[in-house]
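What follows is the residue order along each chain.
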Amino acid sequence: MEKLIYLYGIIPAEENDSSPLPSLKGLDGESEVYSIPFGEIEAVVCELDAAEYGEKELEKKTNDANWLHQKAFHHHEALMKLYEKYPIIPMKFGTIYSGAESLKNTIDSHKPNMIELLDGITDKEEWIMKIYCEADKVKDAVAGHNETIETKKEEIASMSPGRQYLEKRKLNQLIDQEAEKEKQTFSEKIHDELAALSVDNEVKKNWNKDVTGRVEEMCWNSVYLLEKSAVEDFISVIKKLQEKWTESGWQIEVTGPWPSYHFAKIS
Amino acid sequence: MANGNSPQTTAQSSSLVDVLETVLDKGVVIAGDIRVGIADVELLSIKIRLIVASVDKAKEIGMDWWETDPYLNSQAAMQEQDKLKEENQMLLERLEKLEGKMADDSRLP
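Same order as they appear, the protein sequences are chains A and B.
Count along the first sequence from 1, then add 1; that gives the number in the working numbering.
Count along the second sequence from 1, then add 543; that gives the number in the working numbering.
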């Protein structure tokens with residue numbers, strides 16, 4: 002039975018000529034990672050046993066969170082090692098071909114696109130920025146320095162005690178709403194500043210605390226494609242923002258460079 | 544590396560989410576021959592975080608975590624608390640409505 006081929010990504014052939022592939026174990030922990038040339042580009046792959054990684058077996062495996070955790074990180078780590086050496090088009094986890102012929106057909110049909118794409122991402126880096134906030138601090142700040150709320154407080158002070166109880170509860174809700182607005186506007190402002198330095202950017206989904214496992218609330222999640230020459234500026238802007246805002250309960254975190262997971266697209 | 548010793552296995556949860564959301568959700572999609580169904584990233588992250596937390600804890604305290612893991616227990620306790628909070632909030636809102644109605648009624652001639 003022919004071996005399956007697991008595709009990690011696509012690199013330019015000339016880069017591989019000048020610097021050999023790092024030695025990596027494949028997805029099954031045994032096979033070797035190697036590259037298959039297709040003219041100007043090369044596919045970085047490993048072989049997988051068809052009996053163990055066929056559709057049915059794979060479905061069983063991916064239902065196991067433990068397995069998926071390990072293998073997703075393997076995929077990412079392999080790509081990171083490659084990315085240290087070459088520009089790379091990173092494939093989504095689990096791109097598998099039934100054999101060499103099938104891989105060749107697919108690559109051939111996308112080749113012009115891939116060459117163009119590699120050219121486009123060569124001098125660029127992908128960075129992810131997340132903003133977390135200490136919700137209490139933001140709420141306190143809003144409660145203390147918000148005009149809408151100040152006015153409301155004054156109104157309440159002049160009310161009868163019976164009415165005050167109700168109005169104070171309503172005020173609390175108002176403070177919550179204003180705090181939500183503040184999180185959004187604060188994050189948007191920072192995003193705009195960073196986006197101005199980027200070639201492309203994308204705002205992503207905020208994850209809840211169950212997912213992040215953090216006490217702080219995620220209020221922004223975005224990714225930027227930067228010219229390599231702009232990275233230094235980007236980092237120094239982030240540093241300044243961190244110095245300025247950490248005290249007030251905003252945690253601005255940046256990770257990268259990542260392989261172009263978000264901006265390399267083939268249609 | 545693929546033997547389960549990946550250094551990030553016990554890394555911070557934020558990098559866990561980062562990797563899962565990019566590797567499983569993003570990356571270039573060109574059709575492969577084998578269909579791989581991947582669970583929802585959100586659920587998966589929660590699941591993995593629970594597994595990692597329990598393994599860490601078990602190692603740390605050297606005990607049968609599945610019976611005593613304070614993490615799992617505190618999760619359960621938190622959920623319980625959340626339920627109570629929610630119920631409380633609902634009751635408060637109801638009370639508020641009633642009180643508002645009473646206040647309005649009393650102003651009628």
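Be a bit skeptical, because a hint or two may be false.
[Unchecked claim] One side of the interface only, derived from the structure: several residues of chain A facing chain B at Cβ under 7 Å: (1) 63; (2) 66; (3) 211; (4) 213; (5) 256; (6) 262.
[Said to hold, decoys possible] Result set (PhoX-like, lysine-lysine): computed pairs, CA atoms no more than 20 Å apart in a straight line: (7) 210(A) x 640(B); (8) 590(B) x 169(A); (9) 628(B) x 171(A); (10) 140(A) x 628(B); (11) 61(A) x 640(B); (12) 640(B) x 57(A); (13) 206(A) x 590(B).
FYI, nobody ran anything at the bench for these hints, they're computed from the structure.
None of these values were measured; they are calculated from a predicted model.
Where a beta carbon is used, it is the ideal one built from N, C-alpha and C, also for glycine.
Hint-by-hint comparison with the structure:
1. A hinted interface residue such as residue 63(A) counts as satisfied when its beta carbon comes closer than 7 Å to some beta carbon of chain B; here the least separation is about 6 Å, so the hint holds.
2. The beta carbon of residue 66(A) comes within 4 Å of a beta carbon in chain B, closer than 7 Å, and the hint placing it at the interface holds.
3. With a cut of 7 Å, the hint placing residue 211(A) at the interface with chain B holds, because the nearest CB-to-CB distance is about 5 Å.
4. Look at residue 213(A): its Cβ gets to within about 6 Å of chain B, closer than 7 Å, so that hint holds up.
5. Evaluation of the residue 256(A) hint against chain B yields a held restraint, the C-beta minimum of about 6 Å falling below 7 Å.
6. At about 4 Å, the closest approach between the beta carbon of residue 262(A) and any beta carbon in chain B falls short of 7 Å, and the interface hint on this residue holds.
7. For the hint linking residue 210(A) to residue 640(B), the alpha-carbon distance of about 31 Å lies beyond 20 Å, and the restraint is violated.
8. For the suggested pair residue 590(B) and residue 169(A), the alpha carbons sit about 40 Å apart, so the restraint of at most 20 Å is broken.
9. Restraint check for residue 628(B) and residue 171(A): satisfied, since their Cα atoms lie roughly 18 Å apart, inside the 20 Å limit.
10. Using a Cα cut-off of 20 Å, the hinted pair residue 140(A) and residue 628(B) holds, with the two alpha carbons roughly 19 Å apart.
11. Distance hint between residue 61(A) and residue 640(B) is unfulfilled; the C-alpha atoms sit about 52 Å from each other, more than 20 Å.
12. As the CA atoms of residue 640(B) and residue 57(A) are separated by approximately 56 Å, the hinted pair breaks the 20 Å bound.
13. A C-alpha spacing of about 19 Å is found between residue 206(A) and residue 590(B), which places the hinted pair at or below 20 Å, so the restraint holds.
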